[in-house]
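Chains as they are written, first to last, in numbering that gives the first Met the number 0: chain A, 0 to 202; chain C, 0 to 202.
The hints are simulated quantities; they were obtained by calculation from the structure and are not laboratory data.
Predicted model only: the values in this text are computed from it and were never measured.
A couple of the hints might just be wrong.
[As the list claims (entries may be wrong)] For lysine-lysine, the following PhoX-like pairs were computed, each having C-alpha atoms within a straight-line distance of at most 20 Å:
1) K115/C to K132/C
2) K76/A to K92/A
3) K92/A to K58/A
4) K115/C to K196/A
5) K43/A to K154/A
6) K58/C to K43/A
7) K43/C to K58/A
8) K92/C to K115/C
9) K74/A to K43/C
10) K74/A to K92/A
11) K196/A to K1/A
12) K76/C to K115/C
[To be verified] The calculated label-pair distances, taken between Cβ atoms and stated as ranges, are:
13) P50/C to P87/A: 21 to 31 Å
14) M0/C to D104/A: 33 to 43 Å
15) R198/A to L72/C: 35 to 45 Å
16) Q69/C to A48/A: 51 to 61 Å
17) E62/C to A51/A: 21 to 31 Å
18) K132/A to R78/C: 31 to 41 Å
19) D125/C to S25/A: 30 to 40 Å
20) Q138/A to Q69/C: 18 to 28 Å
21) R70/A to E52/C: 50 to 60 Å
22) Q69/A to E143/C: 44 to 54 Å
23) T53/C to M0/A: 32 to 42 Å
24) P140/C to A51/A: 45 to 55 Å
Beta carbons: idealized from backbone N, C-alpha and C, even for Gly.
Number of protein chains: 2
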Amino acid sequence: MKIEFHFDFGSPNAYLSHLVIPEIESRTGSRFDYVPVLLGGVFKLTNNASPAETLAGIKNKTEYQEIETQRFLEKNKIRSFKRNPFFPVNTLKIMRGAVSLLGTDQFSYYVDEIFKHMWADPKKMDEDEVLMKALQSSQLPGREILESITRPDVKNHLIELTSQSVERGTFGSPTFFVDNEIFFGKDRLQDLEHTIKTRRREV
Amino acid sequence: MKIEFHFDFGSPNAYLSHLVIPEIESRTGSRFDYVPVLLGGVFKLTNNASPAETLAGIKNKTEYQEIETQRFLEKNKIRSFKRNPFFPVNTLKIMRGAVSLLGTDQFSYYVDEIFKHMWADPKKMDEDEVLMKALQSSQLPGREILESITRPDVKNHLIELTSQSVERGTFGSPTFFVDNEIFFGKDRLQDLEHTIKTRRREV
Numbered sequence: 000m001k002i003e004f005h006f007d008f009g010s011p012n013a014y015l016s017h018l019v020i021p022e023i024e025s026r027t028g029s030r031f032d033y034v035p036v037l038l039g040g041v042f043k044l045t046n047n048a049s050p051a052e053t054l055a056g057i058k059n060k061t062e063y064q065e066i067e068t069q070r071f072l073e074k075n076k077i078r079s080f081k082r083n084p085f086f087p088v089n090t091l092k093i094m095r096g097a098v099s100l101l102g103t104d105q106f107s108y109y110v111d112e113i114f115k116h117m118w119a120d121p122k123k124m125d126e127d128e129v130l131m132k133a134l135q136s137s138q139l140p141g142r143e144i145l146e147s148i149t150r151p152d153v154k155n156h157l158i159e160l161t162s163q164s165v166e167r168g169t170f171g172s173p174t175f176f177v178d179n180e181i182f183f184g185k186d187r188l189q190d191l192e193h194t195i196k197t198r199r200r201e202v
Numbered sequence: 000m001k002i003e004f005h006f007d008f009g010s011p012n013a014y015l016s017h018l019v020i021p022e023i024e025s026r027t028g029s030r031f032d033y034v035p036v037l038l039g040g041v042f043k044l045t046n047n048a049s050p051a052e053t054l055a056g057i058k059n060k061t062e063y064q065e066i067e068t069q070r071f072l073e074k075n076k077i078r079s080f081k082r083n084p085f086f087p088v089n090t091l092k093i094m095r096g097a098v099s100l101l102g103t104d105q106f107s108y109y110v111d112e113i114f115k116h117m118w119a120d121p122k123k124m125d126e127d128e129v130l131m132k133a134l135q136s137s138q139l140p141g142r143e144i145l146e147s148i149t150r151p152d153v154k155n156h157l158i159e160l161t162s163q164s165v166e167r168g169t170f171g172s173p174t175f176f177v178d179n180e181i182f183f184g185k186d187r188l189q190d191l192e193h194t195i196k197t198r199r200r201e202v
């Protein structure tokens, strides 16, 4: 059974899911594969738009999303979440950074740190100086990472991962797959966990 | 504790919720108050639109909603659901009919029957002849109901219920309230049940 988390650092709901995933992993004895997928690319390929755009001007709907976010925070006892005041932050560079580290020991640490720089102690992570400082403060090799994100193979890999994800049904972030079964949004984590447990029993 | 189900017959997700509500009532020992709320009115007041409109042209998103509907049907062992081929059906008349029966013994039966005429054995319920036949086949007083829906007090009452609902946070159908706590969509029924149980214990 392959469990995948397709994420973009720019999505607060991806961050909130990221905080809960370790608990699901420990309850189910499974591992989530983290797959960087550029949300801006997903939106272009699917003709979708961010909630910030689609909810704009609709009375009550944004307020309701906020209620649901608060419920999620309470339910999962999350205290380390702050709205990023620079939202929307262009995530192309930090997403390429993730791709450049795929398969290395540093990948998970990088993902965790960048999520924090976006949503726990939020910064304008699309500015080179801010990004460099943030990487250094996390003891990550800033210069190396900033260089790697200009490499054509890294750029292409992110494009590939994004279009492959869309081919499998992705239209937003976060998206999860249990083998080829798709789940969208942090609100599906309960169903996702149930599916993992059910499949484990069936094996 | 007051539990309310704000519904419009035109919403398939309201119908699917309606099928599951009796189980929640029996598990929690509670009663849901059914409140007719005109979805078209809600959309006008909130500047929202139906999923059929907002999802149009977005790749993967409609397909995903269909996956979630199938999951809900399976999970709740629902067999009596058919897409209404005349969708969207203008629900103004059947919603006024519900309002005209509010507080009478026939209300619950009417609601149950009209939901079936919309989503179990679907018909074009905005046509007078079709509506009359459907009411008669359900042994409901067709002529009386069709007359009552032209009454100003009935029309105004539906407008009132709709605007009161929007004032409390409604932007779509189905919407639920536990006292003044709002829940939107059939996918919140689990959280809703949890909230009811928690409050019961606290009392």
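Consistency of the hints with the structure:
Distance check on the hinted pair: K115/C and K132/C sit about 14 Å apart at the alpha-carbon level, within 20 Å; holds. About 31 Å separates the Cα atoms of K76/A and K92/A, which puts this hinted pair outside 20 Å; it is violated. Pair hint K92/A plus K58/A does not hold up; C-alpha atoms about 34 Å apart against a cutoff of 20 Å. Between the alpha carbons of K115/C and K196/A the distance comes to roughly 35 Å, so the proposed pair goes past 20 Å and is violated.
Using a Cα cut-off of 20 Å, the hinted pair K43/A and K154/A holds, with the two alpha carbons roughly 16 Å apart. A C-alpha spacing of about 10 Å is found between K58/C and K43/A, which places the hinted pair at or below 20 Å, so the restraint holds. Distance restraint check for K43/C and K58/A: the Cα-Cα separation of roughly 10 Å lies within the 20 Å cut-off, and the hinted pair is therefore satisfied. Restraint check for K92/C and K115/C: the C-alpha separation of about 16 Å stays at or below 20 Å, so the hint holds.
A hinted pair counts as satisfied when its Cα atoms are at most 20 Å apart, and K74/A with K43/C does not qualify at roughly 34 Å. Taking the CA atoms of K74/A and K92/A, the gap is about 33 Å. The hint is violated against a cut of 20 Å. Between K196/A and K1/A, the direct Cα distance comes to roughly 13 Å. Compliance with the 20 Å bound is thereby established for this hinted pair. In summary, the hint linking K76/C to K115/C is supported, as the alpha carbons are separated by about 16 Å, within the 20 Å threshold.
In this structure the supplied range 21 to 31 Å holds for P50/C paired with P87/A, their Cβ-Cβ distance being about 24 Å. Distance hint check: the CB atoms of M0/C and D104/A are about 53 Å apart, inconsistent with the given range 33 to 43 Å. At roughly 20 Å, the beta carbons of R198/A and L72/C sit outside the given window of 35 to 45 Å. A hinted range of 51 to 61 Å is violated for the C-beta pair Q69/C and A48/A, which are about 26 Å apart.
The hinted range of 21 to 31 Å is satisfied by E62/C and A51/A, whose Cβ atoms lie roughly 24 Å apart. At roughly 59 Å, the beta-carbon separation of K132/A and R78/C lies outside the given 31 to 41 Å, and the hint is violated. Remark: the range hint 30 to 40 Å for D125/C to S25/A is contradicted by a beta-carbon distance near 53 Å. Against the hinted window of 18 to 28 Å, the Cβ-Cβ separation of Q138/A and Q69/C comes to about 47 Å, which falls outside the hint.
For R70/A and E52/C, the hinted distance range of 50 to 60 Å is not satisfied, since their beta carbons lie about 28 Å from each other. Checking the proposed 44 to 54 Å range against Q69/A and E143/C shows it holds: the Cβ atoms sit about 47 Å from each other. A hinted range of 32 to 42 Å for the beta carbons of T53/C and M0/A is consistent with their spacing of about 34 Å. Range check, P140/C to A51/A: Cβ separation about 50 Å, and the 45 to 55 Å hint holds.
The structure fails to meet hints 2, 3, 4, 9, 10, 14, 15, 16, 18, 19, 20, 21 from the earlier list, while all remaining hints are met.
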